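Same order as they appear, the protein sequences are chains P and F. All residue numbers for the first sequence refer to this note's numbering, where the first residue is 131 and numbers rise by one. All residue numbers for the second sequence refer to this note's numbering, where the first residue is 18 and numbers rise by one.
Think of the hints as simulated: they come from the structure by calculation, not from any bench. Be aware that a few hints might be false.
[Unchecked claim] Calculated pairs, DMTMM-like style, for lysine to aspartate or glutamate (alpha carbon to alpha carbon, straight line, at most 20 Å):
1) K236(P) x E289(P)
2) K236(P) x D159(P)
3) K236(P) x E225(P)
4) K236(P) x E282(P)
5) K236(P) x E32(F)
6) K236(P) x E31(F)
7) K236(P) x D293(P)
8) K236(P) x E43(F)
9) K236(P) x D222(P)
Remember, predicted model here, so these are calculated numbers, not experimental data.
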Amino acid sequence: MLVRRHQAVAYRVAMRIVGPDDADDVTQDAFLQAFHRLARFRGEGPFRAWLLQIVRNTALNAVNARRSEPHAAIAELAEVRGGAEHERTPVDQLEGTERRERLEQKVRMLPLSHRAVLVLRDIEGLSYEEVATATETPLGSVKGRLYRARRELIQILRENTYDWGLPDEA
Amino acid sequence: MKPDDGMARPSPAEEQLLRYLGALREHPPEPDGTLAAAVVGTVRWQATVRPFAQAAGRLVGAIGDSARLMARRAEA
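If we strip away everything but chain P, and leave its shape as in the complex, we get (with noise of 0.2 Å):
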C-alpha cells in the first residue's frame, strides 16, 4: 500500500520543515491530499516526488499558519545571538542525541524555500531532479538554493553557543 511505502520519507520531510509537534498531523494531511489528487498524477515522474509535492506544500502552510506563534523560533533566535558573545564549547561535548536535535532545530530555522531544498538534497539524498519536481522550482534554482542554503546554515552554526568545528573559507 502507497501509504506504508512511503509514510516514512514523509513523515521525515514533514517533521524537517515543521518540527516534531505538527509533523503528524501535516504527514497526514498529505496522504489524504494525495489519495483526492490521484487521478491527477499523470506519472511523468517518480510517485515519491510528486507526493513529497504535497507533503512540502502542506508543510509550508502549516509554518506560515503558526507564524502568529513565533515563540520557539525566538527562543532559538536568542541562543544563536547570546552564543557569539560567550566562549563557545566544542560540539564534540555533545551527546550524539542531542547533538542532532541541535542540528535540526538549526535547519528549521533556514528560509522555508531553503529549508526544503536542503532536506530533500542533502538529507533525504533526492535527486536534483526530484527535488525540483517536489518543490516545483527549476533545476538552475534548486542549485542556487542548495547553495544558499548551506551557507546560511554554516553561518548560523557558526554564531551558535556550540563551536561546531567548521573550516574557515580559504
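Starting from the known structure of chain P, fit chain F onto it as the hints suggest.
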C-alpha cells in the same frame, strides 16, 4: 562550490556540514505507528460520505437555480 554547478567540489566547511547532515540521515525520525491506519480510516470514511455530500451539493445548487429562475419570471 558555485551556485549553478551541483557537481563542483564542496568547500571544507560544506564537507563538514554534509557529514553532520549525513548523521541526520542515518538516524531518521520514525512516524507514529498509527499513521497508516489513521490515513486509511479517514480515506474510507471520506469515500463513504463523499457521494452523499456531492449529491446534497448538487441538490442545493439545483434548488438555488430553480429559485432564481422563478424569481426572474416573477419579475418579468
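To see whether the hints hold, each was checked on the structure:
| no. | hint | result |
| --- | --- | --- |
| 1 | K236(P) x E289(P) | holds (11 Å) |
| 2 | K236(P) x D159(P) | violated (25 Å) |
| 3 | K236(P) x E225(P) | holds (17 Å) |
| 4 | K236(P) x E282(P) | holds (10 Å) |
| 5 | K236(P) x E32(F) | holds (17 Å) |
| 6 | K236(P) x E31(F) | holds (15 Å) |
| 7 | K236(P) x D293(P) | holds (13 Å) |
| 8 | K236(P) x E43(F) | holds (18 Å) |
| 9 | K236(P) x D222(P) | holds (17 Å) |
Hint compliance for this structure: hint 2 is the single one not met.
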